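J.: Chains as they are written, first to last, in full-length UniProt numbering: chain A, 1 to 420; chain B, 1 to 420.
Mixed in with the good hints, there may be bad ones.
Copies of the same chain look alike in the list, so a pair counts if it fits in one copy or across any two.
Claimed, not checked - The calculated lysine-lysine pairs, modelled on DSS-like cross-linking and capped at a C-alpha distance of 30 Å, are:
(1) Lys347 / Lys113
(2) Lys275 / Lys347
(3) Lys287 / Lys347
(4) Lys275 / Lys413
(5) Lys197 / Lys413
(6) Lys217 / Lys413
(7) Lys187 / Lys347
(8) Lys113 / Lys287
(9) Lys113 / Lys413
(10) Lys287 / Lys413
(11) Lys275 / Lys217
Because the hints were derived from the structure by calculation, they are not lab data. From a predicted model like this one, the values you see are computed outputs, not experimental measurements.
2 protein chains.
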Amino acid sequence: MDEMSKTSRRAFLRGSAAVAAGTAAGTVSAQTPDPAITELQDWASYLGAGVDETPYGLPISFESDVIRRNVEWLTASPISSINFTPIHALEGTITPQGCAFERHHSGAIELHKDDYRLMINGLVERPLVFTYEDLERLPRENHVYFCECAANTGMEWAGAQLNGVQFTHGMIHNMEYTGVPLRTLLKEAGADISLDKWVYVEGADASSNGRSIPMEKALDDVLVAFKANGEALRMEHGYPVRLVVPGWEGNLWVKWLRRIEITDRAVESREETSKYTDVYEDGVARKWTWVMDAKSVITSPSPQMPITHGAGPMVISGLAWSGHGQITRVDVSKDGGITWETARLGKQGDTKALTRFYLDTEWDGAPMLLQARAMDDTGYVQPTKEQLREQRGENAVYHNNCIQTWYVDVEGKAENVEVS
Amino acid sequence: MDEMSKTSRRAFLRGSAAVAAGTAAGTVSAQTPDPAITELQDWASYLGAGVDETPYGLPISFESDVIRRNVEWLTASPISSINFTPIHALEGTITPQGCAFERHHSGAIELHKDDYRLMINGLVERPLVFTYEDLERLPRENHVYFCECAANTGMEWAGAQLNGVQFTHGMIHNMEYTGVPLRTLLKEAGADISLDKWVYVEGADASSNGRSIPMEKALDDVLVAFKANGEALRMEHGYPVRLVVPGWEGNLWVKWLRRIEITDRAVESREETSKYTDVYEDGVARKWTWVMDAKSVITSPSPQMPITHGAGPMVISGLAWSGHGQITRVDVSKDGGITWETARLGKQGDTKALTRFYLDTEWDGAPMLLQARAMDDTGYVQPTKEQLREQRGENAVYHNNCIQTWYVDVEGKAENVEVS
């Protein structure tokens, strides 16, 4: 179906009607009990592994393909690159740290808690250096937030590029963070918190990855975090301390956080001028594009998760999120955006966190052009790629939150396509 | 302080007043910047690990003590034993699967998804056998729930036994589960769902661990679950499918679930007669004690997490939960239950899930008898050990949800004690 990689909804409908005519809907294929089945039940004939064998457990060997994957041609070196969360194989909303995507600018460093220091300087009454233990003595909070790289789905601006939701949308994870509100540290140092001031943050790694945050956000919900999903941050996520900037692009979530400087203007660092801006057709840069707009994607079926059971009952499942707040509704289309059905949302999540959606449906065995479209509590509706290109032009790299399309063929195989 | 292992609040107060007189409250000890610090910041002088090095990541080596631990003298063999979640070192509410406690009756078995079968029989119109794929085709839900072993804190009935919250309260974990409601499977099979009927569930391991569940609960919130914290269940937690019975004792959460039988009375299996009942003083057994009552415990400071920073600002942090619903309030006492302060709750969690609480306070450097007391939305208040012993006698093994006491000495070391 290579010719589908750019096709029209009209042509798709002509084709699918012809196939559907020959296919009947089925039911879940649970069988009546067969005595032969008992032969398989031999796990009761041996004793299993004891509680002393796995002080820290790993996934069972059968799940060894559920891992982060990088794309080798994407960058010159893995120390300045990205890998991808296997979102095609995950369910619910929490991302385990072990398979949550990584993005490094100069590799993941090994920094012991005892050596950790965090300096606050600049426009403060009292420049301070905090140890890790100092941070643990301050009032802390825990919240679930998503972290999305600004470049997530970026390769899709040019068309349907990568055949797998792990690669098109896997620069995202969603964890429960524990940390001290940044505003608490600003207060401890007697920072000038006038709303025209900025907070410059940098990491202890070679890249330093410095970014400027406007004071209003710094005083709102930013956390200086030291735990994720209950346990210490992993080395690759900034152990022992990273910044959590809810709803804002991942590049601001500085890892191995070492310095916070209060300034009277944005630093305009390398990371916010040479990158993380969107260049319009006329060459003007769209700047300070921090917030990740509402977005959704179907994770199953998807190119890595074909339908294997034939026609009949099935669940279409996916993820939705918004950097502006909560997801209020997700619609799913099977015909490339002509008709839509409202999906069922999993439990109402925290604000700026992943929401799981489900469409419990019947597959008639005909091809589908699957799409999901998210709405958030600001009233914003996730745009089509055409709409986004009209606004942003063709030069964009970052902040692609457009509707994604999977073409599902009569065998249940799914492919990344673009419809017009 | 061995003599404190059983002491009175009155004696404690006499002692602590004397010490407190000599100690002044401090502040968080963040320092003004010292040029020498920059010498430590050498992580910027090398390149770190690349994104191709950890397809599935593990905790950093510095955190290698944050692991499940078993108590060797507790059982004859590790294949029929327990290990403990390191709750002293965790924060927030989510438990990573890798360090979530295990309890096996005949060891953890290795059962491939392709070999998995789930039978429903007994009082049904259509006995059925489901494959793993069949389950994935049915509407599913995701919820965070705690799972607590009925024996959690059981060794403490007799007095202050184990010096560490990991060992006294670590038979608990809290994960986000994805699964199919049990009621959906009952409907598929045309089960008799009259409220006087029972659902008998058993696992594929050698113990089979059969348990009877009353129909009312089976129709309520029980899940046939296949994911935890987003990814597949770990082998030791029942891969590929386990039962999730929210708020009820962990023994009912049958792992490697292989059979569901609808019966007209409870089976009275080995697991619900020889064990998991509470024997009163007069020899009568308290039976069908499924629900885990409201409970809380301070995780830091605790014997494994002493105060190391001296007097001044500090956070007292812990966990609270109730099998009946939501935690509405947690109080903390520093004097063994004479006076109480209301703690700050972390984000309001799901029902039947762990809630994190914090008391942001000042330590004056004097000894403390730390306690936490939880309340839930039924109005229930967590009892003292005296109150619980009055109700249940001295023979009990299971369902100890009493208030726990840590004695903190002037050096900040904490010890498991009992007050009267």
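J.: Using 30 Å as the alpha carbon limit, work out where Lys197 and Lys413 are close: within a copy, between copies, both or neither.
T.: Neither, since 53 Å and 43 Å both go past 30 Å.
J.: How would you label the pair Lys287, Lys347 (within, between, both, or neither) given a Cα cut-off of 30 Å?
T.: neither (35 Å within a copy, 34 Å between copies)
J.: From the Cα coordinates, with 30 Å as the cut-off, is the pair Lys275 and Lys217 best called within, between, both, or neither?
T.: within (21 Å within a copy, 55 Å between copies)
J.: If the cut is 30 Å between Cα atoms, do Lys275 and Lys413 qualify within a copy, between copies, both or neither?
T.: neither (36 Å within a copy, 50 Å between copies)
J.: Please work out whether the CA atoms of Lys287 and Lys413 approach to 30 Å or closer within one copy, between two copies, in both situations, or in neither?
T.: Classified as neither; 40 Å inside a copy, 52 Å across copies.
J.: Evaluate Lys187 and Lys347 at a C-alpha cut-off of 30 Å and name the case that applies: within, between, both or neither.
T.: between (36 Å within a copy, 23 Å between copies)
J.: Can you tell me if Lys113 and Lys413 fall within 30 Å by alpha carbon in one copy, between copies, both or neither?
T.: between (48 Å within a copy, 21 Å between copies)
J.: How would you label the pair Lys113, Lys287 (within, between, both, or neither) given a Cα cut-off of 30 Å?
T.: For Lys113 and Lys287, neither the intra-copy (35 Å) nor the inter-copy (49 Å) Cα distance is at most 30 Å.
J.: Using 30 Å as the alpha carbon limit, work out where Lys275 and Lys347 are close: within a copy, between copies, both or neither.
T.: neither (36 Å within a copy, 35 Å between copies)
J.: I want to check one pair: Lys217 and Lys413. Are their C-alpha atoms no more than 30 Å apart within a copy, between two copies, both, or neither?
T.: neither (44 Å within a copy, 39 Å between copies)
J.: Measure nothing new, just compare the shortest in-copy and cross-copy C-alpha distances for Lys347 and Lys113 to 30 Å and report within, between, both or neither.
T.: between (36 Å within a copy, 27 Å between copies)
In terms of the numbered hints stated before, the structure departs from hints 2, 3, 4, 5, 6, 8, 10, listed from lowest to highest.
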